[in-house]
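*Asks:* Chain residues, written in single-letter form:
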Amino acid sequence: MVVSKNVERWSPLIVLAATLLLWQAIVAGFGIPDFIFPSPWQIGQQFIEFKGPLLEAAWKTFWVTMLGFGLSIVVGVLLGFLIGSSRLAYTALYPLMVAFNAVPKAAVVPILVVWFGIGLGPGILTAFLISFFPITVNIATGLATLEPELEDVLRVLGAKRWDVLVKVGLPRSMPYFYGSLKIAITLAFVGTVLAEMTAGDSGIGYLMQSAGSQQRMPLAFAGLVTIGAMAMAMYELFSWIEKRTTGWAHRGSQNH
Amino acid sequence: MAFVDFDKVWLAYNDELLAQGQFAVEDISLKVNEGEFIAIVGPSGCGKSTFMKLATGLRRPSKGTVVIDGKEVTGPLKITGMAFQAPSLLPWRTTVQNVMLPLEIVEPYRSQYKSKKKEFEAKARALLQSVGLAGYEDKFPWQLSGGMQQRASICRALVHEPKMLLLDEPFGALDAFTREELWCALRDLHAAQKFNVILVTHDLRESVFLADTVYCMSKSPGRFVVKREIDLPRPRDLEVTYTPKFTDIVHELRGHIGAMRKTGVSVPQ
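First to last, the protein sequences are chains A and B. Quick note: the first sequence, position 59, residue 59 per our numbering, numbers continuous. Quick note: the second sequence, position 66, residue 66 per our numbering, numbers continuous.
Hint data in this document are derived by calculation from the structure and do not stem from the laboratory. Don't be surprised by glycine CBs; every beta carbon is placed ideally from N, CA and C. The reader is advised that the hints may include incorrect statements.
In silico contact screen, one side only, chain B against chain A (beta carbon under 7 Å); selected entries [said to hold, decoys possible]: (1) THR56; (2) ARG59; (3) PRO61; (4) PRO76; (5) ILE79; (6) PHE84; (7) ALA86; (8) SER88; (9) ILE105; (10) PRO108; (11) TYR109.
When the alpha-carbon atoms are kept at most 20 Å apart in a straight line, the in silico EDC-like pairs for lysine to aspartate or glutamate are as follows [said to hold, decoys possible]: (12) LYS78/B <-> GLU8/A; (13) LYS167/A <-> GLU121/B; (14) LYS160/A <-> GLU107/B; (15) LYS123/B <-> GLU169/B; (16) LYS31/B <-> ASP15/B; (17) LYS114/B <-> GLU104/B; (18) LYS78/B <-> GLU149/A; (19) LYS117/B <-> GLU149/A; (20) LYS167/A <-> ASP138/B; (21) LYS8/B <-> ASP27/B; (22) LYS182/A <-> ASP163/A; (23) LYS78/B <-> GLU236/A; (24) LYS167/A <-> GLU104/B; (25) LYS167/A <-> ASP5/B; (26) LYS160/A <-> GLU121/B; (27) LYS163/B <-> ASP138/B; (28) LYS114/B <-> GLU149/A; (29) LYS167/A <-> GLU147/A.
Over 10 Å on every C-beta distance to chain B, these chain A residues come out as not near it, computed from the model [to be verified]: (30) TYR94; (31) TRP115; (32) GLY119; (33) LEU150; (34) ARG155; (35) TYR235; (36) THR246; (37) TRP248; (38) ALA249.
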C-alpha cells in the first residue's frame with residue numbers, strides 16, 4: 001500500500017525520466033543530426049548557453065499570456081453568467097459563440113496585426129480569444145444544470161433569482177470554473193505563442209521562429225520545452241487552488 | 001374556516017394546452033383544517049406534483065381559486081416548507097449550514113440573520129438533534145447516509161417554522177426500515193409542532209400511517225376520486241400497521257387505485 005502510494009506520487013517524474021532516456025537513446029543510436037531532431041542533452045546545453053535570452057523571452061510570453069488569460073476570465077465569467085442564467089441569452093448567443101470559437105485563431109492573428117500592429121496587442125488578444133470559450137461554457141453549464149427541486153425549495157421561500165444565483169448557482173459552478181481554468185491557461189499559452197510566431201518581435205514564439213529559420217533546432221526545442229514547463233506549472237497551480245477551495249466536489253478521490 | 005381551500009381548481013401548464021383543453025389537474029376541490037395531515041396518493045404521472053406547485057403558489061390555477069390561511073394564493077407562499085424525494089442538500093455546506101439556508105432567504109429571519117446568527121444556529125442544531133442527527137451537524141451531506149440526508153432535508157423545510165409542510169415522495173428512495181424510522185420522525189415532528197402537512201406519495205401504507213385524510217387521485221385527467229378519513233387513534237405506533245383495521249384501509253385504497261388503473265384510460269375527456 002505504502003509502496004504503491006509512493007509510486008503514484010513519483011510516477012510523473014518516472015515517466016518523464018524514462019521518456020528523456022528513450023529519446024536520448026533513439027537520437028544517439030540512429031545518429032540523427034541535431035538540426036533534424038536534437039537530443040535532450042543538446043537541448044539542455046542550449047538552455048545553459050542561452051539562459052538569458054530564453055528567460056527574457058519566457059517572462060515576456062508569460063505576462064502577455066497572463067494579461068490575455070485575465071481578460072478571458074473576466075469576459076468568460078460574465079458571458080457564462082449571462083447565458084447560464086437566462087434562457088433567452090443562451091438561445092440567442094450560443095450559436096454565434098460556437099461559430100466564433102470554430103474560427104482558427106491562426107487566421108485571426110494577421111487581422112489583429114492590421115488593427116493593432118506588431119507587438120503586444122495581437123499576443124494578448126489571441127491568448128484571450130482562444131481561451132475564453134471554455135470558461136464561458138463551463139460557468140454556463142454550472143448555472144444551467146441547477147436541480148429544479150432545489151430552485152423550487154428556494155423560490156417558495158421568496159428567493160429572488162439573484163439569491164438563487166449567489167447561494168446556489170455560483171458555488172455550484174465553481175468546480176466547473178476551475179476545470180475550465182486548467183484548460184484555458186494551456187490554450188492561452190498556445191494563443192500567445194501563435195501570435196508571437198506570426199507577428200511578434202519578442203517572446204518564446206518569436207525566439208523559436210528565429211531559431212527555426214537559422215536551422216538552430218536545439219534552441220527551437222528549448223523554446224518548446226519552456227512553453228510546456230510554464231503551462232504545466234500554471235496547470236498545477238490551478239489544480240492546487242481547485243483542490244483547496246472545492247474539495248467537496250472531489251470527495252471520491254479523498255481518502256477517508 | 002379551512003386553512004387550505006381549493007375551490008374547483010384546474011391547471012393547464014401553458015396556453016396551448018389550455019386551448020386544447022389538456023389539463024394537468026381538473027376540478028380539484030379540497031378543504032384542509034389547521035394542523036391537519038393529508039396525504040395524496042395515486043399512480044405516477046397523475047398530477048400529484050402539480051398539486052404541490054399549486055399549493056405553494058409556484059403555479060397559479062387556470063381556473064378556480066386556491067385560498068390558504070384566509071388569503072388567495074397569488075405568488076410563492078413563504079409560510080410553506082418543501083422537501084422532495086432527492087434531499088438536494090448543498091454539498092459545499094455542512095449539514096447545519098444547509099438547514100440554516102432558508103433563514104438566509106425568508107423574512108423576517110433574513111434581515112435579522114447577521115445579528116441573530118448564533119441563535120438561529122442553535123435552533124437549527126436543536127432541530128437536527130430532534131430528528132436523531134446529533135453529532136452529524138458539522139458533517140457534510142455527502143458524509144451522511146441517504147436516510148440522514150433526508151432527515152436533514154426535512155429539517156431544512158421546517159427551520160423557518162412554516163405553517164405548512166409539503167412533502168413530495170420524500171421517502172421514496174429509502175429502504176423499508178429507514179422509511180419506517182422516518183415515518184416516526186415525521187409523526188413526532190407533526191405532533192410537536194402542529195403544522196399542516198400535505199404528503200404526496202405512492203406508498204399506501206405510508207399515507208394511512210401518517211395522514212388524517214387520504215385523497216386518491218386518478219391519472220389523466222388528474223382528479224380527486226376518493227377521500228378517505230383515517231380514523232386510527234393518535235399517537236400511532238408502528239405496531240398499528242400490523243392491525244387488521246390498518247390493513248383493511250390500505251386494502252380498500254388499493255382497490256380504488258386498481259379500479260382507476262383499469263378504467264383510467266377509457267375515461268371520456
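*Asks:* For each hint, tell me whether it holds in the structure or not.
*Replies:* Hints, verified against the model:
no.	hint	in the structure
1	THR56	5 Å, holds
2	ARG59	10 Å, violated
3	PRO61	17 Å, violated
4	PRO76	5 Å, holds
5	ILE79	9 Å, violated
6	PHE84	4 Å, holds
7	ALA86	6 Å, holds
8	SER88	4 Å, holds
9	ILE105	5 Å, holds
10	PRO108	11 Å, violated
11	TYR109	10 Å, violated
12	LYS78/B <-> GLU8/A	53 Å, violated
13	LYS167/A <-> GLU121/B	18 Å, holds
14	LYS160/A <-> GLU107/B	12 Å, holds
15	LYS123/B <-> GLU169/B	26 Å, violated
16	LYS31/B <-> ASP15/B	28 Å, violated
17	LYS114/B <-> GLU104/B	9 Å, holds
18	LYS78/B <-> GLU149/A	16 Å, holds
19	LYS117/B <-> GLU149/A	26 Å, violated
20	LYS167/A <-> ASP138/B	19 Å, holds
21	LYS8/B <-> ASP27/B	5 Å, holds
22	LYS182/A <-> ASP163/A	28 Å, violated
23	LYS78/B <-> GLU236/A	46 Å, violated
24	LYS167/A <-> GLU104/B	9 Å, holds
25	LYS167/A <-> ASP5/B	33 Å, violated
26	LYS160/A <-> GLU121/B	23 Å, violated
27	LYS163/B <-> ASP138/B	27 Å, violated
28	LYS114/B <-> GLU149/A	27 Å, violated
29	LYS167/A <-> GLU147/A	13 Å, holds
30	TYR94	24 Å, holds
31	TRP115	43 Å, holds
32	GLY119	43 Å, holds
33	LEU150	4 Å, violated
34	ARG155	5 Å, violated
35	TYR235	23 Å, holds
36	THR246	7 Å, violated
37	TRP248	5 Å, violated
38	ALA249	7 Å, violated
Checked against the numbered hints above, the structure breaks hints 2, 3, 5, 10, 11, 12, 15, 16, 19, 22, 23, 25, 26, 27, 28, 33, 34, 36, 37, 38 and satisfies the rest.
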